[in-house]
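Novice: As a plain string of letters, each chain reads:
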Amino acid sequence: MASSIENNNEKLTLKSSDGEEFLVEKHVALQSTLLQNMLDSDCSSADVIPLPKIDARTLALVLGYCKKHADASSSKQGELNSFDSEFLKDMDMGALFNLVLAANFMEIKGLLDIAAQKIADTIKDKPHQEVREIFHVENDYTPEEEAAVREENRWAFEGFP
Amino acid sequence: MATESDSTCGESENANQIPPSCDEFGPNLPPELIAAILSRLPVKSLLRFRCVCKSWHSLIFHPKFVKTHLSLASINTDYTHHRLLLRCGYRTNDVKSCSLYAVLHEHSDNAVELDCPIKTPHRYWKSKSLPSDGTSCHYLARYGFGYDDTIDDYKVVGFFGDVSKGRYEVEVKVYTLRSDSWKKIGGFPHNLSTLNGLGTFVNGALHWIVTMKSNMIIVSLDLAKETFAEVLQPDYRDGHWYETLFVLNGCLGMLCGNNACADIWVMEQYGTY
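Those sequence lines, one after another, are chains A and B.
Under the UniProt record's numbering, read the first sequence as residues 1 to 161, first letter to last.
Under the UniProt record's numbering, read the second sequence as residues 1 to 273, first letter to last.
If you are wondering where the hints come from, they were derived from the structure by calculation, not from laboratory data.
Any given hint could turn out to be false.
[To be verified] Listed below are the simulated SDA-like cross-link pairs for lysine to any residue, each with C-alpha atoms no more than 20 Å apart in a straight line: (1) B:Lys54 <-> A:Lys26; (2) A:Lys26 <-> A:Lys68; (3) B:Lys54 <-> A:Val131; (4) B:Lys54 <-> A:Lys68; (5) B:Lys67 <-> B:Ala35; (6) A:Lys126 <-> B:Lys54; (7) A:Lys126 <-> B:Asn28; (8) A:Lys124 <-> A:Asn153; (9) A:Lys124 <-> B:Gly204; (10) B:Lys54 <-> A:Leu39.
Because the structure is a prediction, the values reported are computed rather than measured.
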């Protein structure tokens, strides 16, 4: 039985999809349910844990989030909230998409929540045509069908193309 | 190039690769993440984004998505994120933005459109008339309105004093939106004229103040179980002239006071002040 308290100071190495290695304190890694489960089931005997879906830039962001939240778990929630909004403040859509994918893969619920909310806040006032491009969605409506859906809620399109 | 024999291995490696960034907006997201993002949007944006494609349209109408959206919106304390549109009261064509919170947590004394507009967005302009409860003439009636999470349905509670019986007999009936009919329930042992307000919806139950001669009690009706109970009252001071129930951040609160001062009590955890 591994004791997480006893091994508190242990570090593990995470490897990004593009081959960069990150040395992480165990209590920081435990913010991720995926890593927690791996550590609990002792799957982590390997020296390096590969994270083949996450590039180095994204992994660095994820670990920054985890470190702040691991270190501040007993401190005030308000401080974390302002960290979270500052953390995502100037992030572009591509970075947010990578972040939400990484948070989903590593099972970091708090990060998934704030990243998904940030994306929602960014797109909520955009025209649907632009949202299509952002999400790489192909329009499968005929012009008539699209017009019919639009007509059902004409008011929602006021001020939109 | 992968040969026939190691194609399985090659495929799994490919699956682990990040999809190449198509453009500045980054990779494609799987459906569960699309749903996670859309469930955090205001109703008005969702109505527009039905035009994005057919699968988004189906997702936004899916009962599970509607329920997730409702529950996320009702715990979101940032007012701007859970506006929805509905017709309020009798003001003709007065369509206004108001919070989903208001629908779930405030009372309604008339039959507004009970559907969350996202369920039937093309119908939200119309208000819904409730069917007759079967009694010919009511001398007095009171109503409450709330949402039963266990069956994902809205309920109207009616308290009726029947004049034909010539006495203060109270019948309690519950209307459910889905069945579109009334059902009689029992267990309200109080006089109707002592029932204050229109029901305050907290924790799956409607709450009323019932005043009796010199004292008062708070009565709750659990909307799932359809049973009445008495709720603990705050330890308020004597000499107040008025009292009223309200909802603050999902907690039941009571305001009581007189012309000089007022006390506000909030149940931080349901059952304790």
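Novice: Indicate, hint by hint, whether the structure satisfies it.
Specialist: Hints and how they fare:
1. B:Lys54 <-> A:Lys26: Violated - the C-alpha atoms of Lys26 (chain A) and Lys54 (chain B) are around 44 Å apart, more than 20 Å.
2. A:Lys26 <-> A:Lys68: With a Cα-Cα distance of about 13 Å, the restraint between Lys26 (chain A) and Lys68 (chain A) holds, given a limit of 20 Å.
3. B:Lys54 <-> A:Val131: holds, 14 Å
4. B:Lys54 <-> A:Lys68: Distance of about 40 Å is beyond 20 Å: violated.
5. B:Lys67 <-> B:Ala35: Holds, at roughly 12 Å.
6. A:Lys126 <-> B:Lys54: holds, 19 Å
7. A:Lys126 <-> B:Asn28: holds, 19 Å
8. A:Lys124 <-> A:Asn153: Holds - the C-alpha atoms of Asn153 (chain A) and Lys124 (chain A) are around 16 Å apart, at most 20 Å.
9. A:Lys124 <-> B:Gly204: violated, 30 Å
10. B:Lys54 <-> A:Leu39: Answer violated: Lys54 (chain B) to Leu39 (chain A) is near 42 Å, above 20 Å.
Violated hints, in rising order: 1, 4, 9 and 10; the structure is consistent with all others.
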